[in-house]
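A.B. asks: Chain residues, written in single-letter form:
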Amino acid sequence: MNAKPSAARDPSRSSWYVDDAFYAGLVAGFTDFTRADREITDPAVRDRCRALLEREARLLDERRFDAWLDLFVPECLYWVPGTPGGDPRQEIAVAFDDRRQLEGRVYRLGTGYAWSQIPPSRTSRLVANVEVFGTARADQHMVRSSFLVTEHRAGETRTLAGWYAHRLVQHAGAWRIAVKQVNLLECDRSLRNPSILL
Amino acid sequence: MKLEQLPGPYDWDELVQADRVHRLIYTDPAIFRREMTHVFGAVWVYLAHESQIPKNDDFITAQLGLRPIIVVRDSGGTIRALYNRCTHRGATVCRHERGSAKAFQCPYHGWTFLNSGRLSGVPWPDGYACDFKDARFNLAQVPRVESYRGFVFGTLNADAPPLKEYLGPAAKPIDEWLDRHPSARVVVREANRIKYRGNWKLAYDNSCDGYHVVFSHRSLLEMENRLEADPNKGMSFYKSRPDSAPMYMAYFGHGHHFKDKRPNVEKRPGALWEIEGAAPGMEHFEARIRQRLGDRAERALDLASSEPVNINIFPNLLILGNHIQVIQPLGVDETDLTWYGTAIVDDAGELGGAVDDVNAIRLRTQENFPNFGEVDDATNFEQIQRGLEALEDEWVYMHRGLDVPGRVKVDSRGVITAPATDEAFMREYVKEWKRLMQARPNLVARREP
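Chains as they are written, first to last, in this note's numbering: chain R, 1 to 198; chain P, 1 to 449.
Isolated chain R, as found in the complex (with noise of 0.2 Å):
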C-alpha cells in the first residue's frame, strides 16, 4: 500500500486503488475509530499530528493547493460524506475525490473559469480538539479534530463547522494524508455553494 505507484497506474492519470477493499477499508477504519484503548498519549506523537492539520489548514486559506495537495499521498482521498457516517458504496457523498479528481477539483480552480470562486473565497479555520488514535499498523495513525472555517467571499461571511477524521501514514519518510474525511455539520442539508475546499 502507498508503495510508488507504476507510471501506466499514475493516480494523477488513473484510478486503480480504488477498489472494493479500498472502500472496505474506508468504511471499517473511519467507523468507531475513537476508541479509549486506541488513543495515543504520547504528547510527541500529539504534536505532530497537530502540526500536520494546521499546516494543511494554513495552505488552504493561503490557497496553496497544489502545496496543500503534496501533504497528501499520491493515492490518498478527500471524502464529504453526504449523511453522517454515509458509506459510499451504497450513496452518493458530497464529495469523494481520488488523487485524479482532488488533482481536477484544484485545476478547475484556476482555469480563471470556476464561477462560484470568481471572486474566490477567504476563509480561515481553526483546528482544533485534535486526539489521536492508533490503528493496527504502526505507520498510520487515527486523528479526529473539530473545525471551524469562516468563509466570505463577496461580500458575505458564514461558517462551516464540523469535524475532520483524517488517516495519516508513513509515505516516503514522512508523516502524510492519506484521507482525509470531513463531517460537515449539514452535510445532508442543502449546501450554497458549495466549491471551497473543506
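Hints listed in this document are in silico derivations from the structure and should not be mistaken for laboratory results. For each residue, glycine too, the CB sits at the ideal point set by N, CA and C. Mixed in with the good hints there might be a few duds.
Stated by the list, open to error - To list a few chain R residues with every Cβ distance to chain P over 10 Å, as calculated: (1) 45; (2) 55; (3) 64; (4) 71; (5) 82; (6) 85; (7) 104; (8) 162; (9) 188.
Stated by the list, open to error - Derived coverage of chain P by chain R (criterion: at least 3 residues anywhere in the stretch with Cβ under 8 Å from a Cβ of chain R; other residues may be distant): (10) 15-24; (11) 40-54; (12) 195-202; (13) 366-373; (14) 424-434.
Given the coordinates of chain R, assemble chain P onto it according to the supplied hints.
C.D. replies: The following block gives chain P in isolation, referenced to the frame of chain R:
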C-alpha cells in the same frame, strides 16, 4: 408604464411577452405567493420516488409548494401525501425527514393520527363536547396522488387531467430513460443538495438551456478534458456549432421540455462510456466488468455513464443524466436543488453479476456535475437575481431562435422542436405559466371520511 406602479392585479400579458418577460416574475413576493397556489397547487407536482418509501409505513417529509407534507405508504399500501399539520393547533406532527411509522403523534398536545391521516386519539377526550369521529379532525391530505413508473406526484386541483395525460409526450423519454436499466427501474441513493438565493424559475429556465453550457461550464469542460489527447469528454460536443449538431430541444406542452443529446452520441454500445469523464475507481471497476461480461460489457458500462438527456417535468422535476433532480422553492429568492443519485437494481441478473461494479462507478460519476458544474450555474442564478434588482432595466430576453426562418418546427402532436441552443422551450413554458397564473384553479385538500 412601470409595472411596479400598477396597483395590481398584474397585467399578465405585459409581464410575459412573446420575446421577453418582466423582472417581476422572478422578484415579486406577491407573484411568488400566487405561484404557490396557481402553479404548485394547480398542476401535478413531483413529491417523491417510490424507492424512498419501499415498504408499508415508510415515509419521507417533503413540500408541496411551501406546504409541509408527509409522503407515506400507509399501512394498507396506499401512497398518500398528508399535510404535516396537526388539525388541533397547526404544529407539524412529524419532524423527521424519513422513517417508518404507523401513526404520527403531535409533540405539542399529543393528538395522534394513523398514517392514513385519520385521527386515532386525543389525550383526555372527556374534556371535549365534540365527536372526534368527525372528519374535520383527520389530517388534511393532497386529494390526488398518482405515480408514473415510480415517480410520485400530487395535485390539489380537482380539475387537473390524469397524471399520464398531464405528462403527455414527456412520458416517452421517461420510459426510455427507465427502460435502459435492468428491470426497467432505478432506486434513489441519497443526493447532492445545493441551495441558491434566487427564484426557482431560474433553475427551470436553465434545465433545457443549451446556450449556457460552454460558458457557464467552461471550467468543468476544461477539467474533464485536461488529460485527454482527444478532448471529447462530457458535454464537449457543445463546443463548436452546437446548433448544427443532431441534438435538439423539444417542448411537449403543459410546461414540460426536453433536451435530447442522444443523437450526438454514436448509436452503439460503449459510445456513451467513451465520453464519460473521469471518476474514482473507474479503471478498476471497468476492467472487472469487462473481464466478467466480455462483449456484453459495453452495455453495462453505458449504464454507469451519464445518459445525455434532460427531461424537465413542470414545475419541479428534472430527470437528467442519471439524476432525479427536484426544484424546491423556499421563497421568492431562495431555492433548494436536490440532485438525487440513482442506482440500478438487478434482481433478475440481467447484468450477469456486474451490477455492484456498475453502481460503484455510477454513484461516483453522478457526483461530478453537482460538484464541478452546478456550483457555477447556481452562482450565475444568484447573480441574475442580483442583476434583476436593477429596477429600471425591466426585461429578461428569451428570444433566441424566435422568428428565425426554419428554426422552430411543430409536429402533428404539437411537439415543438428547435436547435439545442434555442430558447423556444422557455418562451413556451412561460406561456403556460402565464395561463396558469390567470386561471382560477379549483384547489381542495381532502380528509379521510
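A.B. asks: Does each hint hold? Answer for all of them.
C.D. replies: Here is what the structure says about each hint:
{"no.": "1", "hint": "45", "in the structure": "holds (30 Å)"}
{"no.": "2", "hint": "55", "in the structure": "holds (25 Å)"}
{"no.": "3", "hint": "64", "in the structure": "holds (19 Å)"}
{"no.": "4", "hint": "71", "in the structure": "holds (19 Å)"}
{"no.": "5", "hint": "82", "in the structure": "violated (5 Å)"}
{"no.": "6", "hint": "85", "in the structure": "holds (12 Å)"}
{"no.": "7", "hint": "104", "in the structure": "violated (5 Å)"}
{"no.": "8", "hint": "162", "in the structure": "holds (15 Å)"}
{"no.": "9", "hint": "188", "in the structure": "violated (7 Å)"}
{"no.": "10", "hint": "15-24", "in the structure": "violated (count 0)"}
{"no.": "11", "hint": "40-54", "in the structure": "violated (count 0)"}
{"no.": "12", "hint": "195-202", "in the structure": "holds (count 3)"}
{"no.": "13", "hint": "366-373", "in the structure": "holds (count 4)"}
{"no.": "14", "hint": "424-434", "in the structure": "violated (count 0)"}
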